[in-house]
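Here the protein sequences come in this chain order: B and E. The numbering used here numbers the first residue of the first sequence as 1441 and each following residue consecutively. The numbering used here numbers the first residue of the second sequence as 21 and each following residue consecutively.
Calculated directly from the structure, the hints in this document are not laboratory data. Note that CB positions come from ideal geometry on N, CA and C, so glycine has one too. Where hints are given, some of them may not hold.
[Claimed, not checked] Which residues of chain B face chain E? A partial, calculated answer using Cβ under 8 Å:
id : residue
1  : CYS1446
2  : ARG1447
3  : GLY1490
4  : VAL1529
5  : GLU1541
[To be verified] Chain E is nowhere near these chain B residues, computed Cβ spacing over 10 Å in every case:
id : residue
6  : SER1489
7  : SER1496
8  : LEU1521
9  : LYS1526
10 : SER1677
[Unchecked claim] Pairwise CB distance ranges (calculated):
id : chain 1 : residue 1 : chain 2 : residue 2 : range
11 : E       : GLY258    : B       : LYS1610   : 30 to 40 Å
12 : E       : TRP85     : B       : GLU1524   : 10 to 20 Å
13 : E       : GLN26     : B       : HIS1553   : 41 to 51 Å
14 : B       : HIS1553   : E       : THR124    : 22 to 32 Å
15 : B       : SER1568   : E       : LEU255    : 24 to 34 Å
16 : E       : VAL120    : B       : MET1441   : 49 to 59 Å
17 : B       : THR1655   : E       : ASP163    : 49 to 59 Å
18 : B       : ASP1495   : E       : TRP137    : 56 to 66 Å
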Amino acid sequence: MKLQACRICQSYRGTPVIQDIDLEVDEGEVVSLLGPSGVGKTTLFNILSGIDTPDSGQVLVDGEDITGRAGRISYMLQKDLLFEYKTVVDNIALPLVIKGENKVTAREKALEHFEQFGLLGTDKLFPSQLSGGMRQRAALLRTYLFSHDVTLLDEPFSSLDAITKRQLHKWYLEIIHALQMATLLITHDIDEALRLSDRIYLMTGKPGRITDQVTIERNGKSGEAFETSPEFLAYKSRIIKALQC
Amino acid sequence: MKKRWQNIIKLKWPAIFLMLVLIGWQSLSGFGIVPRLVLPTPLQVGRALCSEFGVLMGHARITLWEAFLGLSLGLFLSFVLAIAMERWEAVYEGLYPILVITQTIPVIAIAPLLVLWMGYGIAPKVTLVVLVCFFPVVVGLLDGFKTADRDAIHLLHAMGANRWQIMRHIKMPVAMPSFFAGLKIAVAYSFVGAVIAEWLGGNAGLGVYMTRVKKAYAFDKMFAVILLIILISLLLMGLTKMIERRVMRYRNIK
């Protein structure tokens, strides 16, 4: 098991926000955490990434307790957080520089992945010169260089237009399987969750709990074929019912 | 090339108005409405500037050196202070009011004291320059640090960055625009500050020259040195702007 969260509880000013969260992400698996806004997804996200320490519970990576420790799990937000004053290659190499590599080798290592991430020729540009989709890809590469272990994605595609989003989803699925990145995707977009994940956790209530789990069987179908299949619709209606929306 | 022309066209109106002012001034004293002794004509000023050019340059070199030393020292102090104030809340809380108070002390009032304490050498001039130029820079840096994005800081934290790395990769770069806004003011202050300090005593420098020609009632030379101070200040500000463009290259691409 790559990432494991055990009985995580967190409250804010005396009110419990999330309670007894248990979840697992296996090697190379894409798991979504689906729930309405305000259910505590971001609170959980901050705990998993080590920014916050939970009131109780544990976060394990490869069985090692990393609760409250940053630097092991990488993450990416809806805002791509690319630094406007750094070139694309320096943005992407930043996690390596932070870990103590020198600038030149960090750049070289970053450049090795530019082709795979469809960023060839953009290294000396500034982020403001990239399109929305390109920025997101650059941010994802930076996230990948930050940690190969587990990646948390917090609504990474929600600021993109529908068409760019679809293209990016397709590309993203390919790359994530090529790189075998274990991923926990936080989203409130049911279609996105169904399109991308192997498994979906549903989070509802106040305080937020994980109330259901759906494993997606594609039966060999992928992309459009899966999205227009009766199975897809069945999953979707089940999730809508579970979320009561 | 096209851009160059546009820039020249943009200068049309300022140039016309400046010409009008100069023509008005020239006729005011040229036609004897105001005595030439009191208000020399622009042409006289120009002539004085040419004939005194060598002497003026010699003095300007001294003043520039003082301004440069003061500014460098001031910048160094500003960075140390701003970083310390950003790092420790107590330092910020404790020092900020004192900084504001130091800015309410008139430069003219403190300059004679500095001369009394430090003598007629270069020390009081450099000190005065440090005093006038470090405040806008410190405030610029502190305001700039505050514009750092919280999520960006979180991200670097999650990457395992320490405080210095966050300063180096986020806070310092985002502070650059407001730092340069402060620096432009500081650069202009530093040169004028050095001149003011020289009024109160010394052997060389544009301020010393000013007091000398004032005593001789040589108004044309007085105006010539003022003109030179304006030109040098503009030049220094232009230079700062050039450095700014270089440092913040990402801002001029589109």
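Please flag the earlier hints that this structure goes against, numbers listed from lowest up. 1, 2, 4, 5, 6, 8, 9, 11, 12 and 14
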